[in-house]
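Trainee: The chain contents come next:
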Amino acid sequence: MLTSNMQIDISQLHTAMREISDQLCQAVNGDFNFVVHCSIADEEAEKLTLLVNFVLSAAARAIDQRELQTANLDKIVAERTAMLTEAKESAEAASQAKSQFLASMSHELRTPLNAVIGYSELILEELEDGAPGANTHNDLMVIRDAGRHLLGLINDVLDLSRIEAGQTDIFPEYFDPLAFTRSTAATLHTLIQSKGNVLKFELPDQTGRIHTDMGKVRQCLINILGNAAKFTEHGSITLGYRESSSKDHRRYVEWWIKDTGPGIGPDQIQKIFEAFTQADGSINRRYGGTGLGLTLTTTLCRMLGGDIRVESTLGQGSTFIMRLPGYYQATGINP
Amino acid sequence: MIILVAEDDSRNREMLVRRLLRRNYSVLEAENGLSVVEMAKAQHPDIILMDIAMPELNGWEALAQIHAVYPELPVIILSAHSMIDDQRRAISAGAVAYLSKPIDFDRLLIKIEQFRR
Numbered sequence: 001m002l003t004s005n006m007q008i009d010i011s012q013l014h015t016a017m018r019e020i021s022d023q024l025c026q027a028v029n030g031d032f033n034f035v036v037h038c039s040i041a042d043e044e045a046e047k048l049t050l051l052v053n054f055v056l057s058a059a060a061r062a063i064d065q066r067e068l069q070t071a072n073l074d075k076i077v078a079e080r081t082a083m084l085t086e087a088k089e090s091a092e093a094a095s096q097a098k099s100q101f102l103a104s105m106s107h108e109l110r111t112p113l114n115a116v117i118g119y120s121e122l123i124l125e126e127l128e129d130g131a132p133g134a135n136t137h138n139d140l141m142v143i144r145d146a147g148r149h150l151l152g153l154i155n156d157v158l159d160l161s162r163i164e165a166g167q168t169d170i171f172p173e174y175f176d177p178l179a180f181t182r183s184t185a186a187t188l189h190t191l192i193q194s195k196g197n198v199l200k201f202e203l204p205d206q207t208g209r210i211h212t213d214m215g216k217v218r219q220c221l222i223n224i225l226g227n228a229a230k231f232t233e234h235g236s237i238t239l240g241y242r243e244s245s246s247k248d249h250r251r252y253v254e255w256w257i258k259d260t261g262p263g264i265g266p267d268q269i270q271k272i273f274e275a276f277t278q279a280d281g282s283i284n285r286r287y288g289g290t291g292l293g294l295t296l297t298t299t300l301c302r303m304l305g306g307d308i309r310v311e312s313t314l315g316q317g318s319t320f321i322m323r324l325p326g327y328y329q330a331t332g333i334n335p
Numbered sequence: 001m002i003i004l005v006a007e008d009d010s011r012n013r014e015m016l017v018r019r020l021l022r023r024n025y026s027v028l029e030a031e032n033g034l035s036v037v038e039m040a041k042a043q044h045p046d047i048i049l050m051d052i053a054m055p056e057l058n059g060w061e062a063l064a065q066i067h068a069v070y071p072e073l074p075v076i077i078l079s080a081h082s083m084i085d086d087q088r089r090a091i092s093a094g095a096v097a098y099l100s101k102p103i104d105f106d107r108l109l110i111k112i113e114q115f116r117r
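Protein sequences, first through last, are from chains A and B. When you line the first sequence up against the numbering used here, it's residues 1 to 335, in that order. When you line the second sequence up against the numbering used here, it's residues 1 to 117, in that order.
Note that these hints are calculated values from the structure, not bench results. Backbone N, C-alpha and C fix where the C-beta goes; we use that ideal spot for every residue, glycine too. There could be a bad hint or two in this list.
[To be verified] Residues from chain B shown here face chain A by an in silico Cβ test under 8 Å; the list is partial: (1) Arg11; (2) Asn12; (3) Arg18; (4) Ala80; (5) His81; (6) Ser82; (7) Ser100; (8) Lys101; (9) Ile103; (10) Phe105.
For reference, chain A alone in the conformation it holds in the complex (with noise of 0.2 Å):
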């Protein structure tokens, strides 16, 4: 072994180099985490041996981060694929409603629109005749109401498009509900009659202001308590108003409707929101109604924050129960 201060010579110079070459060997397979060692004792194979282990953990750094890298970069490749697979989905459902709807929709135009045309050329053959027939009269009834349920119809439906196009401003304003609660039944008494059916109010004897869109929420009553004056025959529809605060201590305030009607069972209480689900096409002919009542309904409960269940047991009637904030703000609480 020669120590430093000792001049050296060529062999050990050699040998030391071969030392060192050899032990670089592992970085030819990409490998560069080792630390090179030197047994000559020289000051410039010192500083080589220093040299080389400096690029030598510069390069396994490097490589380090550079995986650390792909690996991110395929996460995020793996994260933003899923999130475009989930958008790609969700709009091809959306579609795919949207068609649904617009065949219903042409279904439901089409069975009025038949009986209009339809009576009205059957008017028209017997007025050629020279004798219009015992049952114009009727006749004519019959093409007026169909006129009116189509206007219904579109009334329904430009309604509903315009909340999905976020042409629909809500104008929340003070009011007390139980005023409120009574006038707006009062608008249908004449419909609840009809059938029979008694109206009940549940209401407290006082109860403080709420601020929430009027006019959005009456045309949501008028919905739900219509429907319960048309299935409901020799019965009584109950509407009830009360206060009720939620988990994050909001103020929230429901009305319910509940009326002895034929109730819905438990495989069409899931449908019945959907748009144009009436259990089967024969109740729109008993029942009258767009289809569109409660999709409306539900559409703009949501828009004021709130919600709307159903509870019903087959043959027991129905309690609709609409829930919304006792004040109405406009962001970030809504949706």
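Following the hints, position chain B against chain A.
Mentor: Coordinates of chain B only, in the frame set by chain A:
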């Protein structure tokens, strides 16, 4: 010449029946899918005009059951569904024609004369 009209909407059924009676056809009425199958078997109509969306048994099922017994009995589908798929489906299911509502009555009369047994 007996025409069997199968339609669950009473107003539209009555209108169709009255217009056919005015043209001196004999008309039978069915208001759901089950009764149209029964009447096809019992009353031997010459042609059937049938809606698709009917209770009990829909038009497609009724059509299959009728053709299982009388493969040659002509059936014209009258439907408020106007999608092109329904028209294709009607023809491939063995209907002789498909008319969407509102019904073009003159066209219906032509089809009745064209396909009557």
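Trainee: Hints first: check each against the structure and report whether it holds.
Mentor: Results for each hint:
no.: 1; hint: Arg11; verdict: holds (5 Å)
no.: 2; hint: Asn12; verdict: holds (5 Å)
no.: 3; hint: Arg18; verdict: holds (6 Å)
no.: 4; hint: Ala80; verdict: holds (4 Å)
no.: 5; hint: His81; verdict: holds (6 Å)
no.: 6; hint: Ser82; verdict: holds (5 Å)
no.: 7; hint: Ser100; verdict: holds (7 Å)
no.: 8; hint: Lys101; verdict: holds (4 Å)
no.: 9; hint: Ile103; verdict: holds (6 Å)
no.: 10; hint: Phe105; verdict: holds (6 Å)
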